[in-house]
Each structure stands twice: as structure tokens, then as C-alpha cells.
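> Take the two lone chains and join them into the complex the hints point to.
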Amino acid sequence: MIEIIKKNKLMTVVFLIYIFLFIVMPDKAYLSVKNSMYYIIEMIEILPVIFILTSIIEAWVPKEVILNGFGEKSGIKGNIFSFLLGSFSAGPIYAAFPICKMLLKKGASISNVVIILSSWAVIKVPMLANEAKFLGPKFMGIRWILTVISILIMSYLTAVFVKKEDIALKEEQSLNKVTGIDIKKQYCIGCGLCEKLMPQHFKLVDKKAHIREAVLDDAKINELKEVIDKCPVKAIYLK
Amino acid sequence: MDIFTISLWGITGTAFFISLIKNKQKTFNSMKMAKGMMKNMIGEIIGILFLIGLVLTFIPPEVIKNILGESNQFISTMISAFVGSITLLPAFVAFPMVGSFVDAGASIVPAVAFLTTLTMVGVVTFPLEKQEFGLKFAMTRNILSFVFAFIIALMIGVIM
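Protein chains in written order, with my numbering: chain A, 1 to 239; chain B, 240 to 399.
Okay, chain B solo, but in the shape it has when bound (with noise of 0.2 Å):
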């Protein structure tokens, strides 16, 4: 483990400490939570862990670098926040996904804009927005994320 997991289960460690001094009843709950939703997520962590061998085994990284790597940027993050925008993964599912894609050699620049589109914008959820929020809402709230998250992945390509 490196030092950076070790102090985050440090922290979470004396914070359920804490809260188990305080409130029994209220962190028994909370923990009930953590199962349900770890239960809940499990099947879809492990499948896209497994992916990631599958892919790494047969897209040679040379493969993955000319697709994702520094030579078309442009085309690569606008596909990349593209797939973002329609794909409804869990955040932290996506981590590892992406991290393998990195290490494999693609460029950090797509990779930034698919993290920050497919948290930000939901076409998939946008017919629910849309119906609480009203249309006008949800179409720029959506539009200017899409733009930011294109921003914000070049500005992270000049400055890394």
C-alpha cells in the first residue's frame, strides 16, 4: 500500500472511531449504507476490472497511443468527452479505467474531458432534468459543461 492509501484509511479509521464514540446507533446505519451500496455496485466494479485485462491484452499500447495519444488531441478529447456525455458509469469505476488507459500511453488531455463529462453532463438523465428543472435550464447546464470540460482538459494538457 502506498503511503497515500495508508493515510486515508488512518483518517477514515479515526472517523468512524469518533463517530462510534458518539453515536452508536447512527454509525451502524451508516455502515448498513456502505454494504448496500458496495453491494449494489460490486458485479459492475469487478466486470470493468476484468475489461481492463482484456483490453490492455489485446489494443497493443502502440494501438492506444494513436488513437489517444498526444499526435490527433483535438479529435481524440472530442470523441472522449463525447462517449463521456452519454455513458452513465460510476465516477470511481472510472478511475482505474482510465488510469489503465493512461499508463498505456494515451494522452492525459482526452482523458481529462471524459472524467469531467461523464459527471457533469447526462444525456442519458436529461429527459429527468429537463422535467424538473424545465428545458431552457437543463440545455445550458448541460452545453456549458460540455465546453468547460473540453476547457478545463486543455488547460490541464499546457500546464502538465
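The following block holds chain A by itself, in its conformation from the complex (with noise of 0.2 Å):
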């Protein structure tokens, strides 16, 4: 009981709220509830298949082949690239970090780095659709394509300022001193997929993702590279 209103504080608060303003006033809290209703009733409709499709398109996009079209002289195609790996992802913007970073070191340009960013944040198919219901499809039109304009102007803008020597990338630790896995805990979305595929190996503990031993032998470390490639986030790696 105590974990489920640590995890929920706002929700918890609401409620309180609500039990205060029943036993005081009850005909305000009859109407908040009756308010409440409508938004309520639109959420129940298309949260899930928002879900769902976030995680059918997180499964079937192909990431290999367009984290492979990246690179300084990739052109419009990089851009084009950059736009379609931040919209069909999952997750909040700082989960696009590691993944950028990753990206930077193997040669993609900063511009591009900047679409992806900027995409991965507010250009989500999934997230479109709700936007229209809740704003209307106008509203969601106009705002997509400016959007992907500023996003273009700010990419090249970003460009001209930062230079690659501006951001330190570290050097690629040699995999043959590879004795175990970690996770960073400020990227994992806490999607639990790690759990699901091993639960030998991990466990989630608070909404994030835990290991249950740090050190492994090298059959297990292959065992585990499946779940490495699959983490929505690459919020786990081998160290």
C-alpha cells in the first residue's frame, strides 16, 4: 500500500482532495468528478491502441538499416533518416541520448543528431493521433509541419555553432574486457521488457531496472546481448 502511493504522489494527492471535498462539499465534488468524465471516457478509448502501436512500431521499424544511413555526407537522406528513427521511437527525449551519442561516434553529423533529438520529443505517430482528438486535426496539422521546419532551420543552425570537437566523445572500451552488464538508470523508461525476456537476469525495483549480478561469465554475456539490442532505450551495456 505505502510502495503504490510512493509511486503514485500525484494521484494519491488527487484523491485526497476528493475525499476532503465529498465530505465537505459534496455537490463541488460530485460536478469535478462529472468534468472529469469526458476526458476520462476520451482516454479509456485511445490510450490503448496508443500503447499498442508504440510498441508494434517500436517492434517492426527496422533500425538496423536506417541507424546505418547516418554519416556527414549522408545529405537528405540523413535528414530524412534522422526524421523517421525520432518519430517511430518510444520514449521520452533524454532516452534518444544514448542512442545519439552512439550515432555521433560512428560519424553522424550534429544537424542530423539535432533532428533526431528533436523528432524522438515532439513527432510521435502515435502521439499525432492523440493530439488530434484532443485538439482537433487542424490544430495538429499545422503544428506538425511547422515543427518540421523549425526542426530543419534549428538543425543547421546548431550546426554552424557546435562543431564536433565541441562535444567529448569517449573512446570505445575494447570488448575483449568485457566481464558484466550495468544499466544507466537515468535512461531506463522502465518498460520492463528486460524482466519479461530474463527474468534471471534482471528485475525491475521501483519502476527501473535492476541486475541481479554485475559479474557474468562469457556464455551468459552472449545470452544477454539479445536483450541488450532489444532495451527500447540502450539503457544497458556491457562493461
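Careful: at least some of the hints might be erroneous.
With a cut-off of at most 27 Å between alpha-carbon atoms, the simulated DSSO-like pairs for lysine-lysine come out as follows [said to hold, decoys possible]:
no.: 1; chain 1: A; residue 1: Lys163; chain 2: B; residue 2: Lys375
no.: 2; chain 1: A; residue 1: Lys203; chain 2: B; residue 2: Lys271
no.: 3; chain 1: A; residue 1: Lys225; chain 2: B; residue 2: Lys274
no.: 4; chain 1: A; residue 1: Lys105; chain 2: A; residue 2: Lys77
no.: 5; chain 1: B; residue 1: Lys274; chain 2: A; residue 2: Lys184
no.: 6; chain 1: B; residue 1: Lys271; chain 2: A; residue 2: Lys220
no.: 7; chain 1: A; residue 1: Lys7; chain 2: B; residue 2: Lys261
no.: 8; chain 1: A; residue 1: Lys225; chain 2: B; residue 2: Lys261
Because the hints were derived from the structure by calculation, they are not lab data. Computed from a prediction, not measured in an experiment: that's the story for all the values here.
What follows is the structure, given as C-alpha cells:
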């Protein structure tokens, strides 16, 4: 019970206010529930479909093909791939940081990284559907067009101001020294995929994935590579 | 249900069915992910939805119209963009919230500014971004995003 309250602070506070209202001003409390009802029904209609669609896209979009299409000279194609990668990925903007860092190391340009980060933040296919539902298709459409144009301009401006030397890229660790795995906690979105796939190695504690044992032998590490690839935010890494 | 939601369910249903035929295991794993995401966010979503009811009951539409309406658009847009920058809220929770404000008489210009900075500018995640990409990149990207959120908002105000 305490666990549930701790995890849902906002919900707990709102419910306490409602309980208080039902005792002191029942008519106001009733009106509030009535006012919320419209949005709750709308949300129930669209929420499952957004989560399912996001997960299906995440599972089927060939990220490897997209990830290989970057580079300094990839030009328009690189820009388009950047938009696609950002638009078809799940999770908040900071979830894109590790992937973008990896792409920079592989030779992606600054402007493409800005496109990925920005479109990752604002342009999500299932999100657009949600926006159209609550604010109207016309609102969504115009905002989408203006946002895409803005992202393009921003990406070129950023490349003018920031050069690759400004970004400290650490040397890749040599792979033969791998002794185990770790998780970048700040990037974990708590989707629970790793726990579902390999409960013997991972456990969700307080919405974050934890590893059960940090030091592993080669056979286990090979087994774990699949999970490392599957992690939607690339938060699991070999060390 | 409106036509829009129905067609979205149709598309998703078809995609799910194709996915199921092509690879059963992959589909089940993705459904596990969907379930996990939903479980993690449902508390926040329920909290926000019931909060909307409270706001609409206790803050009369005239007040919303006065503060976020057409009259003092520049200042309200500036404040909305700023609030969006410092808030860390999933976008799809923000849409019904912003929608309820617009329904109550708020102008769409601050609404757009809020939605855009909410997702693109991250003050809370700034240390993380700085750590990964360096101060110069993080500063440039966040400042540009803030400025462009403002421009997008004003342009939508002109167009719509």
C-alpha cells in the first residue's frame, strides 16, 4: 500500500482532495467528477491503442537499416532517416541521448543528431493521433508542419554554432575486457522488457530495471546481447 | 467514438494481426512492453484526468479566459513556454490537459508554446544532456528550441 502511494504521488494527492471535498462540499466534488468524466472516457478510448501501436512500431521498424544511413555526407537521405528514427521511437527525449551519442561516434553529423532529438521529442505517430483527438486534426496538422520546418532550421543553425570537437566522445572500450553488464538508470523507462525476457538477470525495482548479478561469464554475456539490443532506450551496456 | 478513433483502432488492429502472423513471439514481447508502459504511467494519467475536473470546477472559465485568453497573449505565451520547459510530463497526458484549457476559453497560442517546450526543452534533463553532448551543444539546442517554440506558437496564432 505504501509502495503504491509512493509510486503515485500525484494520484494520491488528487484522491485525498476528492475525499476531503466529498465530506465538505459534496456538490463540488460531484461536479469535478462529472467534469473529468468526458476526458476519462476519451482517454480510455485512445490510450490502449496508443500503447499497442507504439510497441508494434518499436518491434518492427528496422532500426539497423536506419542507423546505418547516417554520416557527414549522407545529405538529404540522412535528414530523412533522422526524422524517421525520431518519429518511430518510444520514450521521452532523454531516452534518445545514448542512441545519439552512439550515432555521433559512428560518424553522424551534428545536424542529424539535432533532428533525431527534436523529432524524438515532438513528432510521434501515436502521439499525433492523441493530439488530433483532444485538440483537433487541423491544430495537429499545422503544428506538425511548422515543427518539421523549425527542426530543419534548428539542425542547420546548431551545426553552425557547435562543431564536433565541442562534444567529448569517449574512446570505445575494448570488447575483450567485458566482465559484466550495467544499466544506465537515468535512461531506463521501466518498460520491463528485460525482466520479461530474462527474469533470471533483471528485476524491476521502483520503475527501474536492476541487474541481479553484475559479474558474468562469456556464455551469459552472449545470451544477454539480445536483451541489450532489445532495450528500447539502449540503457543496458557491457562493461 | 468518433471516426478518427475508430480508424486508429482499425489501423492498429490490422498492424497487430499482421505482426501476429509474421512473428508470434515478437508480437507477444511487444505486447508485454505495451503492458509495462501502461502500468508505469496509469497512476499519473488517472491523477491528471481527475485534476482536470478539479481545475474546471474551481477555476471559472472567465478566469482561464482572462489569464490565458487572447488579451495578453505575449505574456501568457512566454509564461506557458517557460512552464513547459521546466515540467517533465508525458506528452499524451498533456494533450487532454491542454485540450481542457482550450475548451474553457484559453487561446491556442500559449497552448502550442507549452506543448512544444514541454517536449523539446528539458531544464530538468539538462545536466544529463550536458554530460552526454557537452555544454555548448546542450545550451544551443535548448535555447533554439525555446525560441522556435515561441515562433511556432505565434505563427499558429496567425494561421488559425
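> Would you mind marking each hint as holding or not holding in the structure?
Hints and how they fare:
1. Lys163/A to Lys375/B: 9 Å, holds
2. Lys203/A to Lys271/B: The hint holds at about 15 Å.
3. Lys225/A to Lys274/B: This hinted pair holds, its Cα atoms lying about 23 Å apart.
4. Lys105/A to Lys77/A: 19 Å, holds
5. Lys274/B to Lys184/A: 22 Å, holds
6. Lys271/B to Lys220/A: It holds: about 23 Å lies between the C-alpha atoms, which stays within 27 Å.
7. Lys7/A to Lys261/B: Violated - the C-alpha atoms of Lys261/B and Lys7/A are around 37 Å apart, more than 27 Å.
8. Lys225/A to Lys261/B: 23 Å, holds
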